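Protein chains in written order, with this note's numbering: chain A, 1 to 130; chain B, 1 to 146.
Calculated directly from the structure, the hints in this document are not laboratory data. These numbers come from a predicted model, not from an experiment. All C-beta atoms in this analysis are idealised placements derived from N, C-alpha and C, irrespective of residue type, glycine included. Be careful, since some hints might not be right.
Said to hold, decoys possible - Facing chain B, a subset of chain A residues (Cβ under 7 Å, in silico): (1) V15; (2) A28; (3) G54; (4) P72; (5) Q73; (6) S77; (7) L78; (8) R79.
Said to hold, decoys possible - Quick partial rundown of chain B residues pointing at chain A, CB under 10 Å, derived from the structure: (9) K23; (10) Y27; (11) A28; (12) A30; (13) V31; (14) V53; (15) W92.
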Amino acid sequence: MTDFTVGSELPVVRVTPDKFVTLRYAGASGDYNPIHVDEGFARQVGLPGRILHGLWTMAQVARAQTEAAGRPQRLRSLRVQFRGMGLPEHELVVRSTVRESSGGVAWVDTVAEQDGQQIIRNATAEIALT
Amino acid sequence: MPVQTEAVGKSYPPVLYAVGREKVREYAHAVGESDPVYLDVEAARAAGHADVVAPPMFCVVYSAMAVAPGIFDPDVGINFAAMLHGGQEFHWGPLVIAGDEITTQATVKEISERDGRGYYVFESVSKNQDGETVCTGTWTNIVRGV
Numbered sequence: 001m002t003d004f005t006v007g008s009e010l011p012v013v014r015v016t017p018d019k020f021v022t023l024r025y026a027g028a029s030g031d032y033n034p035i036h037v038d039e040g041f042a043r044q045v046g047l048p049g050r051i052l053h054g055l056w057t058m059a060q061v062a063r064a065q066t067e068a069a070g071r072p073q074r075l076r077s078l079r080v081q082f083r084g085m086g087l088p089e090h091e092l093v094v095r096s097t098v099r100e101s102s103g104g105v106a107w108v109d110t111v112a113e114q115d116g117q118q119i120i121r122n123a124t125a126e127i128a129l130t
Numbered sequence: 001m002p003v004q005t006e007a008v009g010k011s012y013p014p015v016l017y018a019v020g021r022e023k024v025r026e027y028a029h030a031v032g033e034s035d036p037v038y039l040d041v042e043a044a045r046a047a048g049h050a051d052v053v054a055p056p057m058f059c060v061v062y063s064a065m066a067v068a069p070g071i072f073d074p075d076v077g078i079n080f081a082a083m084l085h086g087g088q089e090f091h092w093g094p095l096v097i098a099g100d101e102i103t104t105q106a107t108v109k110e111i112s113e114r115d116g117r118g119y120y121v122f123e124s125v126s127k128n129q130d131g132e133t134v135c136t137g138t139w140t141n142i143v144r145g146v
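Bound-form chain A, shown alone (with noise of 0.2 Å):
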């Protein structure tokens, strides 16, 4: 397992959305809002074009976690704010620091950034490590 101890980084995570992801998470989360998936609908409510949905990113977040804590039972908890907008085909960095560790929970603070904008912020993991 990742070193876990106050002030360590988690291995970051990078992904690259590919054009189509958005409508792969539509299918698979049901959430099918236009912005996602309607280019068209998109640009007229006056986005660049399809957005990732929150909750696709938010999932990154979460893989950072549970990939560095080695088992999906260790993430107890995730808050995060999302703010701006995500885009596909753009990559997205995911940076994990461990803030506090004690009683056998590490606290890590967690960010999102796309084009070094940060759209997932003042996010918090909860990871268990026993």
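With chain A fixed as given, assemble chain B onto it according to the hints.
The following block gives chain B in isolation, referenced to the frame of chain A:
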């Protein structure tokens, strides 16, 4: 126009979701998970699970349907066209495994207004067939220009 807060505390009908193996795999592929416990039954069994494990964020799949009626409830009064998903929090209990049946109930937790924005917060509680709470969600939607 101030936000209407009468709906705080209102609950919506529970929604039952049967977790299917292929749905878990479809979800895992869509979010780029590669851990075989999510994708391969034999690997999941070797790790001590009865079937494939749902990734933690699969909670969205079984709980969002329970929250949706609140977002469209006229008593809550969200202007959907001006709504942003502002924040999300999940707390997880025991793992969800393909074959589980999950019941989710949603409640309006908070409606408030700050700086011309309306904050509409819903809570979802999801329990498995044994009555264990597998996930609690806090869904914060922000509406500009209330």
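Quick rundown of the hints versus the structure:
1. Taking 7 Å as the C-beta contact cut-off toward chain B, the hint placing A:V15 at the interface holds, the least distance being around 6 Å.
2. With 7 Å as the threshold, the beta carbon of A:A28 comes within range of chain B, its nearest partner Cβ sitting at about 4 Å, so the hint holds.
3. Given the 7 Å rule on beta carbons, the hint for A:G54 holds: about 5 Å separates it from the nearest Cβ of chain B.
4. Because the closest C-beta pair between A:P72 and chain B is about 6 Å apart, less than 7 Å, the hint holds.
5. The criterion of a C-beta within 7 Å of any C-beta in chain B is met by A:Q73, whose closest approach is roughly 5 Å, and the hint holds.
6. Interface hint status for A:S77: upheld, as the beta-carbon distance to the closest one in chain B is roughly 4 Å, under 7 Å.
7. Evaluation of the A:L78 hint against chain B yields a held restraint, the C-beta minimum of about 6 Å falling below 7 Å.
8. Interface restraint check: A:R79 against chain B, minimum CB-CB distance 4 Å, threshold 7 Å, status holds.
9. Annotation: B:K23 was flagged as interfacial toward chain A, and the flag holds, the nearest CB pair being 8 Å apart, inside 10 Å.
10. Because the beta carbon of B:Y27 sits about 4 Å from the nearest beta carbon in chain A, less than 10 Å, this interface hint is met.
11. Below 10 Å, beta-carbon pairs count as interface contacts, and B:A28 has one with chain A at about 9 Å; its hint therefore holds.
12. With a least beta-carbon distance of about 4 Å to chain A, the hint placing B:A30 at the interface is held under the 10 Å criterion.
13. Of the supplied interface hints, the one on B:V31 holds, with its beta-carbon coming within about 4 Å of a beta-carbon of chain A, less than 10 Å.
14. Residue-level restraint check for B:V53 holds (minimum Cβ-Cβ distance to chain A is 6 Å; threshold 10 Å).
15. Here the hint on B:W92 is kept, as its CB sits about 6 Å from the closest CB of chain A, short of 10 Å.
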